[in-house]
Amino acid sequence: MFRQAAFAGSAVEPAQFPRDGLPEVAFLGRSNVGKSSLLNALAGTRGLARVSSAPGRTRLVSFFRVKGVPRPGGRGRGELYLVDLPGYGYAKAPREVRESFEGIAVSYLLGREPLRLCVFIVDARHEPGERDHALRTWLAHYGLPWALAVNKVDALSRGDLQPRLAALASGLGRGAEFVLPVSAERGTGIEKLWNAIRGAAFEPAALDATLLATRGADGR
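Everything in the sequence shown is counted per numbering that gives the first Met the number 0, starting at 0 for the first residue and increasing by one.
Be careful, since some hints might not be right.
What the hints assert, rightly or not - Between beta-carbon pairs, the in silico distance windows are:
#, residue 1, residue 2, range
1, Gly158, Gly67, 32 to 42 Å
2, Gln161, Gly102, 35 to 45 Å
3, Arg74, Gly102, 33 to 43 Å
4, Glu190, Gln161, 14 to 24 Å
5, Gly8, Gly158, 40 to 50 Å
6, Pro17, Gly67, 11 to 21 Å
7, Leu21, Ala166, 27 to 37 Å
8, Gln3, Gln161, 29 to 39 Å
9, Leu143, Gly170, 10 to 20 Å
10, Gly128, Pro162, 13 to 23 Å
11, Gly8, Gly67, 14 to 24 Å
12, Asp159, Gly110, 36 to 46 Å
Calculated directly from the structure, the hints in this document are not laboratory data.
This structure is a prediction, so every number in the text was calculated from the model and none was measured.
Note that CB positions come from ideal geometry on N, CA and C, so glycine has one too.
Just need the whole structure built from these sequences, with the hints factored in.
The following block contains the structure:
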C-alpha cells in the first residue's frame, strides 16, 4: 500500500490547527504507551514522529500529513492527517505543565469537525489505570468515535495475550469501534489498523465491513 507521510506542523493553540478540512485521525494515550513508535510504523518512516526515552516530552498537537492513501472500494487515493496528541499521566512533570499540554489535547478533541476517529492506545503488558478509564468515560460522554489499539503485544505470549484482549474488550474497550492488537516493533496489526483508519476517514459506512473482518480475525 503506497503512502507518503510528512510532518505538517505542531500547534500550541487551536488557531494553529490545519484549516484545509482533510480528515484527521487522532492518537492518544499515556505518555509511555508508544504513540510515536506506532505512528512511525503506520507511516512506514522510522523517524517521522519523535520517539523519546523520557515519557511526557510531547506537549504539542502534531500533525502528519499522509498522501496516497487508498480509499475504500478502490475509489482512488486521498490524503489525511495522523494527529499525535500529548500523553497523560506523567507524574514527574510539574502540575502546571501537565495541565497545559493536556489542555491543548482537550481543545483539539472538542468540536474538531475533521476528526473522524480517536485511536486510544494502551500497553498490552499493563492493566489500565485510573486515567485510562477516565479517558474512556470522557470519550463516551462527548460521543467521539474511538478505537482501542493494544500496543506491544509482541511482549506477551499467545497464552497471555488472548485473555488480556478479552478482558480489555469487555472492560476498558466497551463502546469502542473495535479492539485491535498491534505491535509497532513487529508490525502486527498495522495494516488492519490502516484499513480501519481509511474507512473512518474516507467512507465511514465502509468501516462496518472492516470491523467485522477485524473482529473475526481476532476472535471477537
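Status of the hints after comparison with the structure:
1. Distance hint check for Gly158 and Gly67: the Cβ-Cβ separation is about 39 Å, which falls inside the suggested range of 32 to 42 Å.
2. Our hint of 35 to 45 Å for Gln161 and Gly102 holds, since their Cβ atoms are close to 38 Å apart.
3. Arg74 and Gly102 have their C-beta atoms about 38 Å apart, which keeps the hinted 33 to 43 Å range intact.
4. Look at Glu190 against Gln161: about 21 Å separates their beta carbons, and that is inside 14 to 24 Å.
5. Remark: the range hint 40 to 50 Å for Gly8 to Gly158 is upheld by a beta-carbon distance near 44 Å.
6. Against the hinted window of 11 to 21 Å, the Cβ-Cβ separation of Pro17 and Gly67 comes to about 18 Å, which satisfies the hint.
7. Hint check: Leu21 to Ala166, Cβ distance near 36 Å, so the stated range 27 to 37 Å holds.
8. Distance hint for Gln3 and Gln161: a CB-CB separation of about 36 Å, consistent with the stated range 29 to 39 Å.
9. Evaluation of the 10 to 20 Å hint for Leu143 and Gly170 yields a pass: the beta carbon distance comes to about 19 Å.
10. At roughly 19 Å, the beta-carbon separation of Gly128 and Pro162 lies within the given 13 to 23 Å, and the hint holds.
11. Restraint check, Gly8 to Gly67: a C-beta distance of roughly 20 Å satisfies the suggested window 14 to 24 Å.
12. Taking 36 to 46 Å as the suggested C-beta distance range, the pair Asp159 and Gly110 conforms, at roughly 40 Å.
The structure fails none of the hints (numbered hints given earlier).
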